[in-house]
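In the order they appear, the protein sequences are chains A and B. Counting with the working numbering, you get residues 1 to 113 for the letters of the first sequence. Counting with the working numbering, you get residues 1 to 113 for the letters of the second sequence.
If you're looking for bench data, these hints aren't it; they were derived computationally from the structure. Please note: incorrect hints may appear among the correct ones.
Pairs involving identical chains hold if they fit within one copy or between any two copies, as the list cannot separate such chains.
SDA-like, lysine to any residue: derived pairs with alpha carbons at most 20 Å apart [said to hold, decoys possible]:
| id | residue 1 | residue 2 |
| --- | --- | --- |
| 1 | K60 | H75 |
| 2 | K85 | R27 |
| 3 | K60 | D103 |
| 4 | K60 | V74 |
| 5 | K6 | G92 |
| 6 | K85 | I23 |
| 7 | K6 | H75 |
| 8 | K60 | G25 |
| 9 | K6 | R27 |
| 10 | K6 | G41 |
| 11 | K85 | E26 |
| 12 | K85 | R58 |
| 13 | K60 | E105 |
| 14 | K60 | Q83 |
Number of protein chains: 2
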Amino acid sequence: MVQEYKAEGTDFQGITRQELTGIFGERTNFNLRYFEIQPGGYSSLERHVHEHVIIGARGKGILINEDREIPIAVHDVAYIAPQRKHQLRNHGSEPFGFYCIVDHERDQPVRAI
Amino acid sequence: MVQEYKAEGTDFQGITRQELTGIFGERTNFNLRYFEIQPGGYSSLERHVHEHVIIGARGKGILINEDREIPIAVHDVAYIAPQRKHQLRNHGSEPFGFYCIVDHERDQPVRAI
């Protein structure tokens with residue numbers, strides 16, 4: 001089911017979320033989600049203790065990781081360490097899709113500046 | 001780094017493993033691996049308590065899950081519940097690649113019959 005990225009907020013644009021595994025009765029210590037960002041869109045710029053693992057699935061995007069801009073293409077795998085300020089952006093002309101794996105039990109993101 | 005699927009055994013064929021995240025200093029509760037099976041190849045037929053989440057990445061394959069044969073294509077996501085007898089096979093003519101996510105702490109697989 002395609003969902004809104006977050007229930008509320010104005011610090012993101014053109015992004016949807018799909019929960020794939022981890023909240024439907026599985027007992028895994030991780031959740032798998034799929035996000036898709038439309039051209040010109042972006043996720044929240046945020047920090048948290050929990051780590052992200054991202055796998056490029058469709059199109060191309062940019063991962064902002066602190067002061068670095070890292071291109072993400074299909075099959076690229078990226079790791080985001082604890083408390084790193086990060087954001088995903090789509091500067092391209094096609095949708096940018098990526099899988100994101102997180103720990104099932106995790107802290108809430110905090111908006112970064 | 002492309003590795004052997006397992007250090008020893010004769011119950012698999014034409015399959016390689018790449019550890020992607022989870023064993024290089026990350027503190028995630030999960031490991032991400034990539035497996036590739038050559039045409040005619042297959043993984044061990046096995047059972048274990050820990051669960052698998054699989055994402056099709058390249059080519060096509062078959063997931064044996066107890067008595068079911070489930071086709072896996074690119075972007076298909078499959079969940080394998082605890083203690084299910086399972087195996088991945090490539091009956092096609094091109095390599096079959098898939099991501100597999102598991103809990104970082106997990107039990108050893110047991111060969112199934």
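Each hint, compared with the structure:
no.	hint	in the structure
1	K60 - H75	both (10 Å within a copy, 16 Å between copies)
2	K85 - R27	between (29 Å within a copy, 17 Å between copies)
3	K60 - D103	neither (25 Å within a copy, 29 Å between copies)
4	K60 - V74	both (7 Å within a copy, 17 Å between copies)
5	K6 - G92	neither (23 Å within a copy, 41 Å between copies)
6	K85 - I23	neither (26 Å within a copy, 23 Å between copies)
7	K6 - H75	neither (25 Å within a copy, 23 Å between copies)
8	K60 - G25	neither (32 Å within a copy, 27 Å between copies)
9	K6 - R27	neither (24 Å within a copy, 25 Å between copies)
10	K6 - G41	within (14 Å within a copy, 42 Å between copies)
11	K85 - E26	between (30 Å within a copy, 17 Å between copies)
12	K85 - R58	neither (23 Å within a copy, 32 Å between copies)
13	K60 - E105	neither (29 Å within a copy, 33 Å between copies)
14	K60 - Q83	neither (24 Å within a copy, 38 Å between copies)
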